[in-house]
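**Q** Between the sequences and the hints, there should be enough to build the whole structure, so can you do that?
Residue numbers (our numbering), protein chains in the order written: chain A, 2 to 293; chain B, 2 to 293.
A few of these clues could be false.
[Stated by the list, open to error] Cross-link-like lysine-lysine pairs, in silico, PhoX-like; alpha carbons within 20 Å at most: (1) Lys103(B) to Lys134(B); (2) Lys90(B) to Lys201(B); (3) Lys90(B) to Lys134(A); (4) Lys90(B) to Lys64(B); (5) Lys53(B) to Lys134(A); (6) Lys292(B) to Lys103(B); (7) Lys230(A) to Lys230(B); (8) Lys90(A) to Lys221(A); (9) Lys90(A) to Lys134(B); (10) Lys230(A) to Lys221(B); (11) Lys103(A) to Lys134(A); (12) Lys201(A) to Lys64(A); (13) Lys64(A) to Lys90(A); (14) Lys64(B) to Lys201(B); (15) Lys64(B) to Lys53(B); (16) Lys292(A) to Lys103(A); (17) Lys53(A) to Lys64(A); (18) Lys221(A) to Lys230(B); (19) Lys53(A) to Lys53(B).
Since the hints were made in silico from the structure, they are not lab data.
Number of protein chains: 2
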Amino acid sequence: MENIRMHIEEAIENSPRLLEDGSNVACQGTEGSYSQEAANRIFRNPSILFFKNFEGVFSAIEKGLCRYGILPIENSTAGSVNQIYDLMKEHRFYIVRSVRVKIDHSMLVKSGTRREDISEVYSHEQALAQCEKYLDHYPGAERIICSNTAAAAKLVAESDSGGKAAIASRECGALYGLELLDRNIQDNDSNYTRFICISKELEIYPGSDRTSLMAVLPHKAGSLYAVIKEFAEAGYNLTKLESRPLPNTEFEFMFYFDFESSVYREDFIDVIERVDGLCDRMEYLGSYSEKI
Amino acid sequence: MENIRMHIEEAIENSPRLLEDGSNVACQGTEGSYSQEAANRIFRNPSILFFKNFEGVFSAIEKGLCRYGILPIENSTAGSVNQIYDLMKEHRFYIVRSVRVKIDHSMLVKSGTRREDISEVYSHEQALAQCEKYLDHYPGAERIICSNTAAAAKLVAESDSGGKAAIASRECGALYGLELLDRNIQDNDSNYTRFICISKELEIYPGSDRTSLMAVLPHKAGSLYAVIKEFAEAGYNLTKLESRPLPNTEFEFMFYFDFESSVYREDFIDVIERVDGLCDRMEYLGSYSEKI
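**A** This is the structure we're talking about:
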């Protein structure tokens, strides 16, 4: 990576003090989605544009239609969203903020639907899996997979026939006028998704203390060890480390690293440069703070 | 972990020389699934029982209905299947073999359906995502999500109305009597899934050279570094390393490690014991060989 030092120094110096409110923000999905919740947590009053898929979000930013985009990067149950990492690399965009959204599923029905009438439950595949124990109370109900939880809520709200329920967020139920049967129905109560806010230009805001890197290491014993050693010796805590087989290779790996350090620490850019020197390729994805 | 040395030594000494053929093998899904392909690669003539979900596979082994089970542990695009790791830990089962299955999607229709008639494409959500570029040739066709690719093929085969296509394996298309329109339609040609063969008892077969561990490390700087150092100094190659936030904790992580070493190496059990000593908790998931 060329001029990484200059690039980071400039961004720390020249970025605005606050994320610009009132910008257009691109989200994937439908109104009422968890992405929308993430956008509302990061921006005070975002004007959100929804896109069908992740590529739509990237393309909206590329074309200047939106300045920022909100994307899920990792779920505590389902793991990392590799497609987002691939798109980040392809577009060379940056992470400027992140936020953790608790995934709190609710059982939602059209007003008047009784528990004993429920014969079909609509939701995203992962949401259905996350509520398996709760759904044992409805052994006869068919589970029907939708592309996302908000789409499931919309479908149930617009359906004429009775007996349908959706699993989605409470807010999403309110949006589509559905009645709340039960809330907090997921088997595991600490299910959350990390969303990132991305931008075309590198922006590093005051208080940034988390940095994300993607790296391909030389295919030899000890190369990962050497990288970890840099972080350990600097006293930087790794908050994420993940190996992923590289497409079209047999034994090469891509690594995702997240580490904690204030961007103002004297050795901050030194460590990144040294890690860069140990890698075959490295992508600096940005430094940012995370809302919890 | 108690008596890990004795447990591994006994298994190396006492395990049969070959995986027992003719045992009942539990798979998740439907006939024609990629799990079935994995079972056929590992066993010569398996009698396969299909279960609706992953828990069904574990429960079939627990009850003695099946001696082995076949499960997807990681996909080169979608990453690790965390649910399987959780179930392995809960049931204290072991990995006795693994196999890599290339995921080769085909476009399948009922005989007589013409390309220009296709208005609906059925498949698993991930398979639809993996064929996004190919599906650009069918801009008007609706994509409909099914619980797995084999279920999609079955649905199309049993449908009376025309205009439906399924994305699934070629073998699956043949099983359900569907016509092959195009094969190898995934965007990325090196998409594979690793399947593991699990068993209730620890069995370590001759030639085993890959070991899987799950570990919770002490929450202090350098604890991961210390573990990696053990592998690096022994000259053992790490083929997988992944951090995952622990449910119900804020800053604790579970790590998945896979490393390469013959089980006959003199220091093999020493290294595992030393790593165990560095962890708050460690689960030894087994040593096995992988079919490629």
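**Q** All the hints need checking, so say for each whether the structure fits it.
**A** Quick rundown of the hints versus the structure:
1. Lys103(B) to Lys134(B): Distance of about 19 Å is within 20 Å: holds.
2. Lys90(B) to Lys201(B): holds (12 Å)
3. Lys90(B) to Lys134(A): holds (18 Å)
4. Lys90(B) to Lys64(B): holds (17 Å)
5. Lys53(B) to Lys134(A): holds (15 Å)
6. Lys292(B) to Lys103(B): This hinted pair holds, its Cα atoms lying about 12 Å apart.
7. Lys230(A) to Lys230(B): Within the cut-off at roughly 9 Å; holds.
8. Lys90(A) to Lys221(A): The hint is violated at about 24 Å.
9. Lys90(A) to Lys134(B): The given pair, whose Cα atoms are some 18 Å apart, holds under the 20 Å limit.
10. Lys230(A) to Lys221(B): holds (14 Å)
11. Lys103(A) to Lys134(A): Distance ~19 Å between Lys103(A) and Lys134(A) Cα, so the pair holds.
12. Lys201(A) to Lys64(A): Measuring from Cα to Cα gives roughly 10 Å; hence the hint holds.
13. Lys64(A) to Lys90(A): holds (17 Å)
14. Lys64(B) to Lys201(B): holds (10 Å)
15. Lys64(B) to Lys53(B): holds (16 Å)
16. Lys292(A) to Lys103(A): Measuring from Cα to Cα gives roughly 12 Å; hence the hint holds.
17. Lys53(A) to Lys64(A): It holds: about 16 Å lies between the C-alpha atoms, which stays within 20 Å.
18. Lys221(A) to Lys230(B): Judged against 20 Å, a Cα distance of about 15 Å means the pair holds.
19. Lys53(A) to Lys53(B): Not satisfied, since the Cα-Cα distance of roughly 30 Å exceeds 20 Å.
Checked against the numbered hints above, the structure violates hints 8 and 19; every other hint is satisfied.
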